[in-house]
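Number of protein chains: 2
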Amino acid sequence: MFVSSRTPLSSVARTQFLEAKGGARYAYRRFGSGSDLPLLLLQHFTGTLDNWDPGLTDALAAERELILFDNAGVGRSSGTVPTTVAGMAQHVVTFLDGLGVNACDVLGFSLGGMIAQQMVLDRPPIFRRLILVGTAPRGGEDIMHLEKPRLAKHLQDPSNKGYGVLQKIFFTLTATGQEAGASFVERLAERSDDRDGVSGPGVANAQMAAFREWERFTGERFAELYTIVHPTLVVNGVHDEMIPIANSYRLVENLPNAVLLAYPDAGHGSLFQYHESFARQAAAFLSSSSESAVY
Amino acid sequence: MFVSSRTPLSSVARTQFLEAKGGARYAYRRFGSGSDLPLLLLQHFTGTLDNWDPGLTDALAAERELILFDNAGVGRSSGTVPTTVAGMAQHVVTFLDGLGVNACDVLGFSLGGMIAQQMVLDRPPIFRRLILVGTAPRGGEDIMHLEKPRLAKHLQDPSNKGYGVLQKIFFTLTATGQEAGASFVERLAERSDDRDGVSGPGVANAQMAAFREWERFTGERFAELYTIVHPTLVVNGVHDEMIPIANSYRLVENLPNAVLLAYPDAGHGSLFQYHESFARQAAAFLSSSSESAVY
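So the protein lines, in turn, are chains A and B. Under our numbering, the first sequence has 337 at position 286, and the numbering climbs by one with no breaks. Under our numbering, the second sequence has 264 at position 213, and the numbering climbs by one with no breaks.
No lab work stands behind these hints, which were simulated from the structure alone. Where hints are given, some of them may not hold.
Claimed, not checked - Derived list of chain B stretches under chain A, where covered just means 3 residues or more per stretch with a C-beta under 8 Å from a C-beta of chain A: (1) 236 to 245; (2) 294 to 306.
Unchecked claim - DEER-style ranges, computed between Cβ atoms: (3) B:SER341 - A:GLU70: 36 to 42 Å; (4) A:SER86 - B:ARG76: 55 to 61 Å; (5) B:GLU198 - A:LEU224: 40 to 46 Å.
Small disclaimer: the values here were computed from a predicted structure and weren't measured. Each residue gets a CB set at the ideal place from its N, CA and C atoms; glycine is no exception.
For reference, chain A alone in the conformation it holds in the complex (with noise of 0.2 Å):
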């Protein structure tokens, strides 16, 4: 099958660090070929560079190049966690600035998602195409609170270690679902060095005050995804408890330019959980030389 063909890049590739303007020092890695635009991979929440699950990045690196980045603060990235998706969106700017690269795409996931939709805004034509996975628009509803319930039960468990809590926020609670989450939490381990730190409290209180900020809006809710033309794919699990799906109907539905790909039985991680699905439609949607979402 699929897993024990795949040529293990994601886990041997080594973190680069980028000296970029202002002094500012970003960990990145770069890895895979292929003749089209590299894709830039954005993080969710408290991620860092080993938070890609290595399934779903060597299976996109078979067709392109790949960038992971940490932003501010991150991982092995200098410098202070803003406190916006704008000031993050700044650094991502400025990194890719400081690496030479003026065009690519972009895979914006959770946290991701929303510092693309804001880099694409602020810079019109620095990406070609856009994938969204569970994520919002600006004014989006119920974005990352934790506090839920169903959420919180998880977070708060001590019995959940490591890895072990996205097996269970991620994922539906299915025993298809929990069992595509575990495998999950194992590819994640399989690099064995070189690895970025766990992002501690002072990342989370950063990007949750990002969040808050996110969900608020002034004018017409909406109106500013009307005049981003870009392709874009929109990727959700229907059961997606930390950014509900309904955040991806409202993407699809002002964005001009987007086709939405809904994924049964799955939560905020539907992307790992569906790595070989993703990737093909990924590939397919990106390798598109229309100026149509259409793929």
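Starting from the known structure of chain A, arrange chain B on it as the hints suggest.
Only chain B this time, still in chain A's reference frame:
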């Protein structure tokens, strides 16, 4: 491009007639080839065999056998149009039994998608995989209210002749939507003989009664969907005015094994507007041997 290279099977396939148990006579067309199960196509409100876009059916028929069907009282099928979806579903079952087809896949569009759901509830083994396009679950909302101003305007406009009205109500009013609609209308006219007649008010009134009955529910709303474990692909245009996409959201939220694919800048006729993409996605979905809908 695709259109110039397709084999025009749909426009030349002869209409056949099946004399079924109880004296009914059903009109159908059967064409295409492939080793997979045949795909049964169930049609929309007032639609006949000649309302299937040959651009779509030629693409689907390249990989599998298709069966197009006129329900009782529609096109050249005998009998009276039932006033319930359940009554229509019974005719399809009688037809398949008469044809000796005891297993197939189904593509149900709009009214046809409701019939497909009812059939799979009545006789679960009848279908292997379901594709439900622009349709609604029992108890859905705002199903085919043609009196709404956005729709009534076009239906009552005498300048919209023949299929021209479909260009206005199946497609968005954007330039790209209307261009796709005009191409669709041209493709519908490709067939030059052996055509069904156009449905009259008797067909429309009975089918409209079936929509009103389908909006009603008793007990827990959508609960019957939990029991449909068949792999299902749900497809909808984001801006469907005839059966709004919220109905497709409810389908995938309650069906345990359904993927949603939503198309941008598209209305009720999304499968015709994006017939090349739709045929590609449908083929990928139908050719999967997994128990999961995910492809």
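State the violated hints by number, sorted upward, taking the hints as numbered earlier in the document.
-> Result: hints 1 and 3 break, sorted rising.
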